[in-house]
Every structure is written in C-alpha cells, then in structure tokens.
Amino acid sequence: MTSQGVLRKQTVSTPSAARPRKPGRGGASRTPSHWWVPWAFAAPGLILFLLTTGYPLVRSLQISFYKWSVLPTQASKFIGLDNYVRALADPQFWTSVVNAGVYLLMSVPATVALGLFFAVLLQKKMPGRTLFRVLFYIPVVTSWVVVSLLFKFLFTTDNGAVNWFMTDFLSLSAHAVPWLEQRWTALIAISLLGIWKNLGWCLVVFLASLGGVGEELYEAAALDGANAWHKFVHVTLPGIRGTLLFVLVLQVIGAFNVFPSVLLMTNGGPAGSTEVPLTYMYKQAFSFLDFGYGSAMSFILAIFIFVVSFAQFKFFGEKKEALR
Amino acid sequence: MTAISLKPKGSREADNPSRNERPKRPLNIWLLVRVAIVLCGAVMMVAPFMIMVSTSLEPNTATLPNPPHFLPQTLTSANYEEAWTENNFAGFFGNSAYVSVLTTVASVVISSMTAFAFARFDFPLKNFMFSLLLAGLMIPGIVVIVPQFVLAKSLNMLDSLEGLVFFYTAGQIAFTTFLLRAFFERVPRELDEAMTVDGAGILRKFLVLYIPLARPALATAAVFSFLGAWDEYVWALTVISDATKRTLPLGIAAFQGEHSTAWGLVFAASTLAVIPVIAVYVAGQKHLIAGITTGAVK
Amino acid sequence: MMKKLFTLSSLALLAAAGLTACDTGGGGAQPAAVSTLSTGAAVSGEITFWHAYSAGGGEIKALEKTIIPNFEKLHPGVKVKAVQIPDKDMHQKLVTAAAGTSLPDVIRADIVTVPELAKIGVLTPLSEAMPDFQSWADKMFPGPLATNKYNGKLWGLPLDTNTKVVIYNDEALKANGIASVPKTLDELKAAADKVGGKYILAEGGSGAWQMLPYIWSNGGDMTDPDVKKSSGYLNGPKSVAALQMIVDLYNKKAIPGVILGGSGGTPTGDGLPKGMYPTIVDGPWTFPNMATSYPNFQPKTSPMFSGDGGSVSVVGGEDIVMTQQSKNKELAAEFIRYMLSPDAQKSMGQVGQLSAEKDMAESMASIQPYYGAFLEQLKTAKPRPATPQWAKVDDIFTKQTQLALQGKLSAQEAMDAAVAQIDPLLAQG
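Residue numbers (my numbering), protein chains in the order written: chain L, 1 to 324; chain D, 325 to 622; chain A, 623 to 1051.
These are calculated hints, taken from the structure and not from any lab test.
Check the hints yourself; a few may be wrong.
[What the hints assert, rightly or not] Under the rule of at most 30 Å between Cα atoms (straight-line distance), these lysine-lysine pairs were calculated in the DSBU-like manner: (1) A:Lys805 / A:Lys703; (2) A:Lys949 / D:Lys477; (3) A:Lys701 / D:Lys569.
Just need the whole structure built from these sequences, with the hints factored in.
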C-alpha cells in the first residue's frame, strides 16, 4: 500500500526561511500502514514532553490567576488578572525588562557579529584550524555556574584580573572599578560573559552553514569583479540568511532568559538595579512565596519573547522575498 | 567585519587560498593576518581559563596576585586533593557522569523515535504536536519550575538522580527531535522504497536505514544532551537536597558559598568539571558541525 | 543519664501537656502527635534534619562526627539523616519542599524565618507537641526564645544564638593613626575624618542585619514594639540620622563598597585580617573562620559603637523546629532534645555556635575566650522585628538603604519610601 507512492514534490512553498526544501512531503508512502504506527514511535517522546512541559505550563498559567498558596492543603484565592496588572505597574519588573534589553543590545549583536567574523576567518584552511575551533567552543560547553563564578572572580574589585588589565596594564582608569557593585558596570560584566560564552556557539553554527554556500556563487561574483566585502554582502549573507535568522532568534530568546550568570554574579543587586526578569521572578516565587505573581511575570515575558521572535521571522522572511 | 574588507580588492584567490595548490607570496601575508586575528580571539577565549587553572594549581592565598597569574608560580595539587577527597568532589563527579550518560542514552533513543514519526509519516495532529514541541523550545525553564517540582514530587523523583535523568531527558526532547527530524527527512525516499520492495517492515527500516544514515545528527544530539545534563544547575538546585546527590554545578556553587575566598579550591573543582565536557566535545566535534548543518540549520 | 533526666521531667509535665493538647482542634496531626510524644520512650526509625551549618569552621564535622553518632548510640537502631543546605539556598529549599510536601522532620531554621514557616503552616508548634516543652523554654534566654513566637504560640526552641560586636585589627588602626578603637558613633565619625579617605569600617551589606545596630544604638527603631507599623520609627529622626551617618561615611570612602552587597569586593572577614578594613561588626563564627585562613591574626573585640540608644546590637541565631509533615515526631522530638542537651551544645560551642541556654552561658565563656564579648553584648541586643513578612520587609529596607548609599535618594526620602511599602505588609501580619 505504501510502496507505490512515488509522488514527490520538490517545490515547497513554506513561508519560513529556515526550511528551503522538504522532499517527499505529501507522498502516498507517508501514510502509515496502520494508524497507530507513527503514534507508537512518537508516543514516548510526546508523553514525556506533555507530562513535563505541557502539563506544568497549563498549571503555571492557572497559578498566575491565583494568589497561590504554597501548601497543597491550603486554598488558593482566584484573583483574575490582578497578578498581571500588578506586574505591569511594578517598576522593578520594568527595570528587570530594561536590564534584559540592555543585556540583549550589548551582547547579542556583538556575539553574532564576532561569531560570524571568526567563522569566515576559520572557514578557510589555516594552521591549527581544528584547535582554534575547539578553543572557541570551550566556553560554550562549560557550565554556566563555572563561568559565572570565574567572571565574578575576574571582575573582583580588589586585585581582580580585569581591574589589573584596566588600571595597571592599559592605564585606562586610575582607581579599581567596582564592576559588580554598580548597575551599568555590572551589566557590562554580565554582557561580556554572555558574549564570551555564546560566541563559540554562533561560530560553529555559522561555520556549518558557510560550508553550504555554493562555491560557484563566489566564483561567479569574482568574475563580476566583486571584492571580498561585496562577496560577503551579496553571496555569503544571503546564502546563510536562514542560519542568521536561526542564530539571532535563539540568541534573543537566550538574552531574555539570562539567569544563572546574574544570579551568581550580582543576584540582582545593588538595590535591584541589575535584576533581570528571571532573577526577579525567581525571587518573587522562592523568596517571597508569591508563585502567582512569579508565574504571571513569566507569562508576560513569554508573550514578549514570542512577539519578538515572530517579528524577527517576519522581518527576515520578507527581506528574503525582496532579495529574490 | 572590518577585517573582511581588509582583503585585497578584486583578488579572487585571496578568498579561497585552500583551493590554490600553491599560494602566491602576498597571500601568505593575509594568511598571517588571519591567523593573527584568530589567535587574538582564541587568546581572549582561553585567558580566563588560564587564570582559573593557574589559580587552582597555586596555594590558596588570602590576597589575589596582582598582576593575575596566567601561569602558576608555585605548583601544588593541594586544592585538587582537598576538593576530590574532603569535599566529596569525587561523588559529585560520579553523580554528574551517571546522570549525563543516562540522559544522553535516553534522549537519543526517545527523540530519534519521535523524530522518525514526524519525518516519515503523515498523521492527524502532527503539525499541532510539532508546533507544541517548538513552543517548548521557547519557554524559559523557570516558568514551569514550580508545577514541575510538584510533579517530580508526585512521581517520587525528588532527591533522586534518576529523577534528574527523567526531567533532563524530557527537557532535551524538543530540541533533539527538532534536530533529528530534519535529518531523517533528508533520507532519500528511493532507499526507503527499495527496502519496501525487499519486504522490510517499518521497524527494520528505522533501525537499518534511518538510524545509520543519521549518525552525525545522533552524535550531535548526544553531545548536546550530555552537555545539557552535565551543565544544568537551576533544576538540580531545586530538586536535590541530599548533599551526597549533588551534581558538579551544585557542588561547585555550594563550595563557593562555603569558602567565598578559597578560589583555588573552587577552581580546582571547576577545572575537573570542565575536562570531561571538553573531551566529549572534541570527540564529537567532527559530527557536530555536520549535525548542525543538516539539523537545526538548513 | 541524660535520658533518665528527660524521662523524669517529661513525666512531671505529661499531665499539663495533655491538657494543652485537647484544645488544638483544627491542627491536623497534633492531637495524635501529642498523645504519643512521650519522652524517653523507645524511639525508632529514621528522621531527616536540614541545617545550614558551615563546613569552614568545623560545624559540620561536629554534627556528623560527634553529635549524631552519639545520639544514635544513645538510641540504638535510630538513624538521623543530616542534610546540609547552603545558607543562601535554605529559604528556597524550604519553600519548594513545603509545596511538594517533602520537608524534613527537623529543621535548623534562621530565627527570622520561623514566623514565616509557622504562618504557611508547615511547622508543628513545639509548645503543644512536646510535653516537656515548658522545661526547655525555661532554660532559654528570653530574647532568643521570643523569636519562636507567632500567633500566640511558640513554634520552636532556640538552638543557638549570637550577636555582633566590633571586631578590630589593632595594627591597621594604629597604622592609620587611630590610637584606640572607636567606642561610640561619634568617635567613629571622628576617626573617619582623621584617616581621611581610608577605610575605617566595613559592612558586608545594607540589610536590617547590618544597619539595625546603628539605628538602635543611635536611639532609633524599625517598628513599634508590636510590629504593627514602621512609620514614625524607621523614618523617625534618630533612625534617619543613623542611616545618614553611614551614608556620609560611605561617601567619604571611609566604608568600602562591599556594603552594597559584596559582589566583587573583599569580604569583611578577609579585609579585616589583611588590614584593609580596621574594624568590622560581626559574629562569633568569624573567629574559627579567620583562625583557619589567617592563623597569625589576632582579632580584638569591642562593644557595638554606642550612641543615644546605648550600645545595641542585633540578635541572630537559629531555632530548631519540627515540621507538620514529619512521620516520626517522637524521634524528631527526641532529637531536638538531644540537640539542646549540654553535650551537643558544648560540641557546637567549640566551633563558634553560642548556646542560648542560661545554664550554658558560663561554660560557653570557658570554652572560647572571645565568647565573653558576645555574651556581654547579648544582654542589650535586640531581635529583628518578628513578622511572617520579614523576607519582604528586609528586601524593601535593603533596597532603600542602597538607594540612599548610591545618592539616588536622601536618607529621609529613602526611609519614607520604605515605610510606605513596609506598613501595608505589617498590617497584613
């Protein structure tokens, strides 16, 4: 029954830039011999996912409408949208969102640009290329706990390595900078950690996708007399647009979800000035037992992330059409 | 970005020295420049680790050295010994290894099945289910941490390493399925059909055709699963109370809280925690790039 | 021997306890618990004990190598599973465990968290569950005992107590031209002017734990005696003046930046022996810690800087409490008794944990010479306001103090803003 299906569509009209082709879609052979066959394969994963993410998500949404009591035996009070209203009027929540935004702007463009830059340099043969790739990737595979503590150590005020570099080595500043004790310098330190930690990931992903850009395109461009920059803009960038989008979206989501580094480096202080959404939510839930409030904030954040991601897809998707 | 425009205008060869059997003289200069820039970047990447490792190899001093030591001045293994024995680091290490290996196996097995179903078949609710999985990628973990905790409790999975494996595996499903599905979709349909002609059932196809062909993607999924489990902190912090069941990140964070200035000890522990992940990465790195190419990015 | 003592005292109190047990209707497990919580009876089984003892000064060693083995020897067949939770994670772990009904049987809880735990309903009031409770309560100093009070009941017993005194580095003071350690707030200010731009004092934070000694010593307060309102107290002239003094010292760079939370700065316990910070205000646990890291350093003590309110420091410490969820309340109670016994209290005394029992005071002073200063300071020390909302109250206060330190608000503005947020919380109770 499934064997005759030779119908294959090569042209696909998916709007997403991330999926250029999809062989075999809609072919007769895609119909299972029995209805339960695909379910049998999918079941373990789907059940696990629905149980550990789907159900808690629904539950979390429910909690966000309650003045939720910690103890299972105590009644929780339904308060409708109060937690959401409260979050939108809470200056500390907005401070945390602004901080995440600042972190995003300071870290994501730099991470993506540097990742792409080094990927282009590393794409071609050079001595020690594999070693370099590994070196760039070490921060990525290292636990956030380790790198956060490490950066806390490097940014120590008295005799910290960064202060030594700034004051004694570069003579940029006469005094030791109390990096983690004030808002903007602390955000810079946290952003630098973000760039340093994520750069290697972007690099590897770009490296993978650069290999997929057809050589003939570069050769054609070269015949047209294009210089390296032109080739980069007109061949490389369009060739990896899907990857760029993927990297950008994930980095932006990651930036909004910045958490362990802030928790371990400043814990949101001083005076809540370096609080980010997740540290603030965590504090509301686990320090103040305000789980309803914490959940409401997390849903506001989730909606925010969703909108931003959607906008990125939209933006890049349209640009792609325009370029074609 | 600026360095790219540094390249000689109109020089075809400059862009692809690899394709030139014999680079001409000026190319070597550009190669040098490239190596120099990459080297600078690599130094920035590695410098913090050098300080970490050298601090861990030096005796604990009350005052941080100024300038910082990129290489240890006086060697001692005292911090490693103390971390490994007195602070039960060996135990944390074992816990992390156990949890990470089981998570890797479980998530690769389960998600390859799920991904296969999505890639190979059309079935009702398929797109809906897949969108759900994708949405799962976007949800910050701590949004659901409280209900997850209650769930873990009712499944009797608090303070249990197997409980960690369960939730880590579940947490990896969305990403690894996403990755593997793309790979399975690329398996040429002709091969599938040829096997049908030979009378192979779907299970046989899955095991004999699809799985071997997806090896790079499976390796990628395995590496990501392992690293994810090895590095995870917040969930472990929430569900593990028993000090003997701490994983490495928990142990290290607790160390730092305990000995706020015993950085040598903290970094000895950290160095030991970093070594296996580097090993896993180096072992899997060839596949990793291939896996990412076809998997997450197309 | 001790067991016999417990048995005798408990027999005497059994009747009284039976009476109290009758009127605790809605309390779930209590009636059953009380009727069986005879002391000295054969206990069996296993309990779990959560604590935040630190490894640094040898507290964990004392617990795991001495106290628990001795207890298990005393009661063959029982097992106490001690779980150390890092201090900073304790609150979160307690809350999540409460939500998941996976709390341990016995907890060593920071005194400020007891009212909150009592309020969310996870504790068994010891005053009702332990038949011999009163005999234990009578042994305790009233200050630490009062920290167990919430809603008219006593929910735990003080396990250890402490306070903070001025600890100083004589050489560092002399090197900066200060002949003797400042005794009063005025002398502190004068000393700061004299050293001009160098550190005179370090504080590791700006929460109530750090700031209240200055506020109280200056004659101010945080709330009214009933902990119903803070306006007129925390933003009163004496409190604000104390805070203003700290802000001024910080602005003159006489106090280092670690007061803003400590991330990145040298911790007080390291800066003092190193001579960076001539004086700090800290508790007895710093001594074993410093002795480990800086064996050559000789710290000296002096009472809290005095002012119009006298020399008033803050009471810290931990209470030992039993959870509602405990499946083995008898063993839990027996373990609590043992933790409060002279043997256990002395073992902990060796490693920096000051007993809150009156009878133990003298033997404590003989264990460690430096305890004398703390015992003396405890006579006037005050506990932080007891309220289930404490975590939030302290968070607000900390934040506002930091804003004043950063110069974003004046001390008066900061405290006005603080009381505006704190009063509604206190009203909720």
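The hints, checked one at a time:
1. For the proposed pair Lys805 of chain A and Lys703 of chain A, the alpha carbon gap of about 46 Å is over 30 Å, so the pair is violated.
2. In summary, the hint linking Lys949 of chain A to Lys477 of chain D is supported, as the alpha carbons are separated by about 17 Å, within the 30 Å threshold.
3. The suggested pairing of Lys701 of chain A with Lys569 of chain D holds, with an alpha-carbon distance near 18 Å, which does not exceed 30 Å.
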